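Undergrad: Sequence:
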Amino acid sequence: MPLPGGERRQPEINAIFGNDDVDVDTGNYILNVIHWRRQSGALIDVGLRFSGEIEVTQQQALQALEYVRSQLPDVDEAGHGEEWVKEEEERLRKEIEARAVKLRLYKATEEDVAEQEYEDTEESQQGTEAGRQKTGQSVLQATRKANETEYELFKQEQEEAKKRAELNAVAAQRGPLELLGGVQPGLSGAEIPSQLTYKGNFGISIRPPAAQAFLGKPRAKPAYIKYYEEKATIIKENVVPQMSNIARLGPSFLMLLLVLAGCWYLHENYTPPPTSARLWPDTPPAAATLWGITGLLAVSFFLGRLPPLWKTYNKYMTCSPAYPYALSLIGACFRHDSIYHLASNVITLWLFGLFLHEEVGRGTFLAIYLASGVTGTYTSLVYNVLRKQWMVYILGASNSVLGVTAAICTLRPTGSIEIFGYKIPVYAWMYLALISATETAAAFRALKTTLDHAGHVGGIIAGGAAAFALRYQAAQNRSGGEESVAQMVRRDAKEVADELKREAKEADLV
1 MPLPGGERRQ PEINAIFGND DVDVDTGNYI LNVIHWRRQS GALIDVGLRF SGEIEVTQQQ
61 ALQALEYVRS QLPDVDEAGH GEEWVKEEEE RLRKEIEARA VKLRLYKATE EDVAEQEYED
121 TEESQQGTEA GRQKTGQSVL QATRKANETE YELFKQEQEE AKKRAELNAV AAQRGPLELL
181 GGVQPGLSGA EIPSQLTYKG NFGISIRPPA AQAFLGKPRA KPAYIKYYEE KATIIKENVV
241 PQMSNIARLG PSFLMLLLVL AGCWYLHENY TPPPTSARLW PDTPPAAATL WGITGLLAVS
301 FFLGRLPPLW KTYNKYMTCS PAYPYALSLI GACFRHDSIY HLASNVITLW LFGLFLHEEV
361 GRGTFLAIYL ASGVTGTYTS LVYNVLRKQW MVYILGASNS VLGVTAAICT LRPTGSIEIF
421 GYKIPVYAWM YLALISATET AAAFRALKTT LDHAGHVGGI IAGGAAAFAL RYQAAQNRSG
481 GEESVAQMVR RDAKEVADEL KREAKEADLV
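When we follow UniProt numbering, the leftmost residue of the sequence shown carries the number 1, and every step to the right adds one.
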């Protein structure tokens, strides 16, 4: 029977039992059993004894009882214990009586037999013609009989509803794992409807479930895993640190400005090395750059699996709104916790990153990649801090990847989208508009998903703004500084309109 409020976490378990020798599974198991014994009244009979494979000391059971009593002080343990004693007495009496009859230790006397026969005769005549001839049936008796019939129907409906509720409780709640041999009481009267065995065409058989099921022994974590988990916990207490929004966002904002300044410097001053100085001279520069980023992300993924590095990853490779570190603004762009997350970002990076690298070169590409990542991470941080969403964490290269995607779509708005050699009949600007609208709508609606929609919007804006600045710089160089931003936008819009007209004419000819 779970405690109100759900299962307790490891810091709470440590506080209850006074040390870290009890893991979270065993601790919740002890609390649930003690809670059930208080509610059912079994505490007066079983006490604090635990049987089975799990070793529970008397001190641990007493600490669990004190904690449960502090959480639920209004439970009438004495009253529940009296009900438990009555039920046990009735159960034992029936067992002894049945055993005595079976062993033929009890035999009724002649007086008892005669009295029973007389009572049976009288009862058999009640409601018959002979019985009615003696007393007759009044209006009160008829009304009482009708009420009794109605009550029996109502009682039968209640029993059926109780059985359905008990069956649902088996699937919805976890009862005590162990009580006097591990039998879970309270469900003995439930009747599970029988099911026929069905055998399909491929030899697959579907059979009814087993009548009884037992939960296995909680699997204890190794001691070194518990040590590194405790060491990697940044917020020791289960309380959000009391900090102002400026304290949470200010240091990260300064780090954002510093990274953006470094990206600008990289864009303006990077000089490609000569072919003779390259590590892989036969590999195209774009592929070499993407292979380097892919390798860095893969190494970061595998290093995150090492327990000694968990604390470092939680501090500097994960951005948490509850207690953010400024350096995590950069580190979060290179951490992935699942192979699916890593693979999806790497595949998208290769699909769009090659084209952007060919357009702008290595220095500008790396500047856009890193600037989009940190901008998206900071956008997500601001979004979650203002909405007071403390129980989230920000990580992944999706902000950088979407920034690269937005940059190439902005540089070549009328270009086509190709995936593994297959051309998709959608212009680049259409694809950019679609993903931008989708991510923005999801962020504003605050959809409860595992995707960081606010960070994606920030990455798209950063990548698109960087590409727009490159287009404007190219237009200024081409026109000698005479073309304004409005003129460039009108020219781009005219190019898009002309391309749409050309496509329409080709469709009419076909």
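These are calculated hints, taken from the structure and not from any lab test. The structure displayed is predicted, hence computed values, not measured ones. Heads up, some of the hints might be wrong.
As the list claims (entries may be wrong) - Derived SDA-like pairs (lysine to any residue); straight-line CA-CA distance at most 25 Å: (1) K236 <-> T318; (2) K388 <-> S244; (3) K315 <-> Y325; (4) K226 <-> K388; (5) K162 <-> Y151; (6) K448 <-> G361; (7) K448 <-> G6.
Said to hold, decoys possible - Across the chosen pairs, the derived CB separations fall in these ranges: (8) E159 <-> P307: 41 to 47 Å; (9) A474 <-> I225: 52 to 58 Å; (10) A493 <-> R387: 32 to 38 Å; (11) I225 <-> A288: 36 to 42 Å; (12) E237 <-> K86: 42 to 48 Å; (13) A15 <-> A326: 45 to 51 Å; (14) A497 <-> Y323: 29 to 35 Å; (15) E237 <-> E66: 17 to 23 Å; (16) V75 <-> M243: 35 to 41 Å; (17) T271 <-> R387: 55 to 61 Å.
For each residue, glycine too, the CB sits at the ideal point set by N, CA and C.
Undergrad: With reference to the structure, classify each hint as holding or not holding.
TA: Hint by hint, here is what the structure shows:
1. Distance hint between K236 and T318 is fulfilled; the C-alpha atoms sit about 17 Å from each other, no more than 25 Å.
2. Between K388 and S244 the alpha-carbon distance is near 11 Å, which keeps this suggested pair within the 25 Å criterion.
3. Taking the CA atoms of K315 and Y325, the gap is about 7 Å. The hint holds against a cut of 25 Å.
4. A threshold of 25 Å between alpha carbons decides the hint, and for K226 with K388 the separation of about 30 Å lies outside it, so the pair is violated.
5. Taking the CA atoms of K162 and Y151, the gap is near 16 Å; set against the 25 Å cutoff, the hint holds.
6. For the suggested pair K448 and G361, the alpha carbons sit about 38 Å apart, so the restraint of at most 25 Å is broken.
7. A C-alpha spacing of about 21 Å is found between K448 and G6, which places the hinted pair at or below 25 Å, so the restraint holds.
8. As the Cβ distance of E159 to P307 is approximately 54 Å, the hint placing it in 41 to 47 Å is violated.
9. Taking 52 to 58 Å as the suggested C-beta distance range, the pair A474 and I225 conforms, at roughly 55 Å.
10. Distance hint check: the CB atoms of A493 and R387 are about 36 Å apart, consistent with the given range 32 to 38 Å.
11. The supplied range of 36 to 42 Å is met by I225 and A288, whose beta-carbon atoms lie about 39 Å from each other.
12. Look at E237 against K86: about 45 Å separates their beta carbons, and that is inside 42 to 48 Å.
13. Taken as a hint, the range 45 to 51 Å is violated for the pair A15 and A326, whose Cβ atoms sit roughly 31 Å apart.
14. The hinted window of 29 to 35 Å between A497 and Y323 is violated, with their beta carbons roughly 51 Å apart.
15. For the hinted restraint 17 to 23 Å between E237 and E66, the CB-CB distance of approximately 21 Å keeps it satisfied.
16. For V75 and M243, the hinted distance range of 35 to 41 Å is satisfied, since their beta carbons lie about 39 Å from each other.
17. Range check, T271 to R387: Cβ separation about 44 Å, and the 55 to 61 Å hint is violated.
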